[in-house]
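Model the placement of chain C on the given structure of chain P, informed by the hints.
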Amino acid sequence: MIEALFKYTFLQNAFLTAVFASIVCGIVGTIIVEKKLVSFSGGIAHVSFGGIGLGYFLKFEPIFGGIAFAILAALGVAQIRKRSNTNEDTLISMLWAAGMALGILFIALTPGYPPDMTSYLFGDILTVNALYLRVMIGLSAAVLLIVTLLYSYWKMYLFDEEYAGIIGIRTSTLEFILYLMIAVSIVILIKVVGIILSIAMLTAPPAIVKLFTNRLSRVMIGAGILGIMFNLAGLTISYQMNIPSGATIILLAISAYLLAFLGKKAMITLLNHKVTK
Amino acid sequence: MPILKVNHLQVNYGQTMALTDVNLEVEACDFIGIIGPNGGGKTSLIKAILGIIKPVRGTIELDPGETLGYVPQLTTFDRNFPITVLEVILLGHLPKRITLGHRFTRHEKEHAAFVMERLGIGDLKKRQIGELSGGQMQRVLVARALMTHPTILVLDEPTAGVDEASKKEIYQLLAELNKNMTILMITHDQLDTAPFISRFIYVNKTICRSELPIWEGLIGKERKVQ
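Note that the protein sequences, when read in sequence, are chains P and C. Going by the working numbering, the first residue of the first sequence is number 780, and it counts up by one from there. Going by the working numbering, the first residue of the second sequence is number 820, and it counts up by one from there.
Any given hint might turn out to be false.
[As the list claims (entries may be wrong)] What follows is a set of in silico ranges between Cβ atoms, one per label pair, in the way DEER data are often shown: (1) P/M1008 to C/E983: 48 to 54 Å; (2) C/N857 to P/S863: 24 to 30 Å; (3) C/D882 to P/G947: 36 to 42 Å; (4) C/D982 to P/F955: 39 to 45 Å.
If you're looking for bench data, these hints aren't it; they were derived computationally from the structure. Ideal placement from N, C-alpha and C gives every residue a C-beta, glycine not left out.
This is chain P alone, in the form it adopts within the complex (with noise of 0.2 Å):
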């Protein structure tokens, strides 16, 4: 594997997007999981294969159909959401159901053979090019710049909202940078696991860390750790195995999470069972 890593330009593009979509995970996904907008951003990811079919359909790079759907969603249900009733599960669901339709109407309407949607559905880390590489190492850099230098804000934002608005930080700002962010990671995750399986990659890392640590920096670098060693893993294993690399990506790290969460639990019995001794 390693030789073959020098030897193509594919594996290299590969390698890269992997080390860069789980440090984007890491950050925004623990962000995700704290301010429970995990089914916020499972509506977001479905939206834009809306902007990638459109994509197809007036000939432009699908993946920044993909950027433009999801960040129109996620400002829009924000907006919605402040104006209306209506419920936030009710609004997703239905821009979910609504961004596939699209999708699907216009790859239909697409002139010629249909293009092979599937490694957006479910990931082909192995077929992103330069153009995909450079966008997504620039929404990476900005994404981690952003967390970094706001980050005392974020804090405060996740743990008490209220309390944020009270003192006077304009929590509207953060709500919008935050919404933002996670279009733009979902996007990023387009090609390593693909539209259906990406909320696994931005939930699990982190929810793995969480099990061993108190502290909301740790759990963002844990995460982005954890992220690399399965997207490398699950590269090199649907590479060796010639399986499809997004689902073994999902898998790996859906097993971690298992494992974790059972060993912790058997450590708990253990330690309770000599402290009773």
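Here is chain C on its own, set in the frame of chain P:
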């Protein structure tokens, strides 16, 4: 001389009126217990005073130099959030204007340590917030509010979900703070708070009455709100 004046306040949630024609004057070092039925507008009143909700009518006047500190209910935040006690308290001093790359200074950390010692939680600073008892958690939230040196402390049911022994400790702590701080506290605990309270106000859509603690009220000192 009142340091906080609420004049003809009206608060609505959409079409629903939460409060109407509320008038209140708070003087320095008052310890006011806000009582009343659930849904009567107690929380709306303190939220309007804190500026969280905008009144549809009326004004709230705070004397220059007076600042508000707020201690919310224990239910407003996620207890499983990965954050230590020291971090929670320091965040009380976060600049309201979003500052890139903000770091807490040594002076702020020393002040947080001083506040924690004063409130008897100095040894908890590295503990995760969710590991604390209700009483300890409440002290942490008071410490966070004290980080900005408020002159008026507003508390929303500080003893909800707290055991009996901790309740007593919290009331004693508040009585101690009340020596040089004004306190407004929503409570359902009229009997236990009576020894510390200077005045109860009964809120049910408006301030229906203002009265002295029970035993003084019993001997005929009930009075109307100005």
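The hints, checked one at a time:
1. P/M1008 to C/E983: 48 to 54 Å: For P/M1008 and C/E983 the Cβ distance comes to about 49 Å; the hint holds.
2. C/N857 to P/S863: 24 to 30 Å: holds (27 Å)
3. C/D882 to P/G947: 36 to 42 Å: violated (19 Å)
4. C/D982 to P/F955: 39 to 45 Å: holds (41 Å)
Going through the hint list in order, the structure does not satisfy hint 3, though it satisfies all others.
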